[in-house]
Amino acid sequence: MTTKNVALGFLAVAAVMFVRAPFMIEAAPFEASMGAVSKIFYFHAPSAIVLMLSAFVAGGASVAYLARRRRSADHVAVAAAELAIVFGLITLVTGPMWARKAWGVWWVWEARLTITLVMWMVFIAYLLLRRFGGPGSEMLAAAVSVFGMALVPFVYWSVNVWRTMHPTTSVIPTLPRSMMGPFLWCLLAFACLYVALLLIRVRLERQAALVEDAYLAVED
Amino acid sequence: MKRLALMLTLALAIVSGAAARTPQEQVKGFVPQAQAPQQPELPAAPLLYGAYAFVWAVLLVYIFLLWRRVGKVERELADVTRKLNV
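Note that the protein sequences, when read in sequence, are chains A and B. Residues in the first sequence are numbered consecutively from 1, following my numbering. Residues in the second sequence are numbered consecutively from 1001, following my numbering.
Simulated from the structure, these hints should not be mistaken for lab results. These numbers come from a predicted model, not from an experiment. There could be a bad hint or two in this list.
[What the hints assert, rightly or not] No more than 27 Å apart at the CA atoms, straight line, and that leaves these computed lysine-lysine pairs for BS3-like: (1) Lys1083(B) - Lys4(A); (2) Lys1072(B) - Lys4(A); (3) Lys1083(B) - Lys1072(B).
[Claimed, not checked] Just the calculated beta-carbon pair ranges, DEER-fashion: (4) Ala12(A) - Pro1046(B): 27 to 37 Å; (5) Ala67(A) - Leu1077(B): 28 to 38 Å; (6) Leu1077(B) - Pro29(A): 22 to 32 Å; (7) Pro29(A) - Pro1046(B): 53 to 63 Å; (8) Arg1068(B) - Ala27(A): 29 to 39 Å.
[As the list claims (entries may be wrong)] Among the chain B residues that face chain A by a calculated CB cut under 7 Å, a handful are: (9) Leu1006; (10) Leu1010; (11) Ala1044; (12) Leu1047; (13) Tyr1049; (14) Val1058; (15) Leu1060; (16) Val1061; (17) Phe1064; (18) Leu1065; (19) Glu1076; (20) Ala1078; (21) Val1080; (22) Arg1082; (23) Lys1083; (24) Val1086.
From the three backbone atoms N, C-alpha and C, an ideal C-beta is built for every residue, glycine too.
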């Protein structure tokens, strides 16, 4: 089975799950203090979890690249960094839409939101470095990606360490069954989508490298 | 790449525009609650549906752009492989 077929399989599973998700979310009860707007949670939290996962994958692959200089690790790092930006964008836009109703403001400069924004911008810096940094920028970009990964624990624990408006990490483990079901379903859907996109994006990076090598061979 | 730069600029503008607003106005005088104007409650539906629409839009646009990039690189690879074999 080829990488492309595995990726398409994950993509198909994710598509089916995303089609079913709105029905499960609609059936879930409202949160007592926030009402209907709290249902943004079912896409916001999974995308934030996938963002942190992607930051870890990008950082881990960058560490591997810095240690062993393997191109395959570099391909994974680029793919995961790009996906961290996509899922980060979803997190950083859906969060303020929820906050507007729940907190009365779009944005607050509190720890979790600020560190998440900084982490997202670190991965934008990574991609800009890769695009415009010129030859040899891969090493510097990899180091930037490691910094992005280092922010993940701060994002996760910030709500428990500092007094913030954002709900703490105890919310998800203590969800009632009627809310836990749709949440896990959406989390699995986002995870399947992430695996599919990562496989496709890594394959694209590998093929682009092959094209570059082939053009060099043609010139020789 | 131009498209990526445009998308990133737009995303930053959205985030920084939202961030520029302050949580509460500074208090300049006390008003008894009975005299306070009734604040209309913000409806949840536009925010809820807007958030879900945004998620779907971002994912579909990204998958579409990725699909186009894959097609372009596959065509280039086939082209250059043909040149190498000639």
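Comparing the hints with the structure gives:
1. Lys1083(B) - Lys4(A): 25 Å, holds
2. Lys1072(B) - Lys4(A): 16 Å, holds
3. Lys1083(B) - Lys1072(B): Status holds; Cα separation ~17 Å.
4. Ala12(A) - Pro1046(B): 27 to 37 Å: Distance hint for Ala12(A), Pro1046(B) holds at roughly 32 Å.
5. Ala67(A) - Leu1077(B): 28 to 38 Å: 29 Å, holds
6. Leu1077(B) - Pro29(A): 22 to 32 Å: 52 Å, violated
7. Pro29(A) - Pro1046(B): 53 to 63 Å: Hint violated: Cβ distance 21 Å, outside 53 to 63 Å.
8. Arg1068(B) - Ala27(A): 29 to 39 Å: The hinted range 29 to 39 Å holds for Arg1068(B) and Ala27(A), with Cβ atoms some 37 Å apart.
9. Leu1006: At 13 Å from the nearest chain A Cβ, Leu1006(B) fails the 7 Å test, so the hint is violated.
10. Leu1010: Not OK, violated: Leu1010(B) not within 7 Å of chain A, min 10 Å.
11. Ala1044: 4 Å, holds
12. Leu1047: 5 Å, holds
13. Tyr1049: 10 Å, violated
14. Val1058: Hint on Val1058(B): holds, closest Cβ of chain A at ~6 Å, below 7 Å.
15. Leu1060: Given a least distance of 10 Å, the restraint on Leu1060(B) is violated.
16. Val1061: It is violated, given that the least Cβ distance between Val1061(B) and chain A is near 10 Å, above 7 Å.
17. Phe1064: Nearest chain A Cβ about 12 Å off; hint violated.
18. Leu1065: 10 Å, violated
19. Glu1076: 5 Å, holds
20. Ala1078: Violated, because the Cβ-Cβ distance from Ala1078(B) to chain A comes to roughly 10 Å (cut-off 7 Å).
21. Val1080: Holds: closest Cβ of chain A sits about 4 Å from Val1080(B), inside 7 Å.
22. Arg1082: This hint is violated: Arg1082(B) lies away from chain A, its Cβ roughly 10 Å from the closest one there, beyond 7 Å.
23. Lys1083: This interface hint holds because 5 Å falls under the 7 Å limit.
24. Val1086: The hint is violated - Val1086(B) has no Cβ within 7 Å of chain A, the shortest such distance being about 10 Å.
Of the hints listed earlier, those the structure fails to meet are numbers 6, 7, 9, 10, 13, 15, 16, 17, 18, 20, 22, 24, in rising order.
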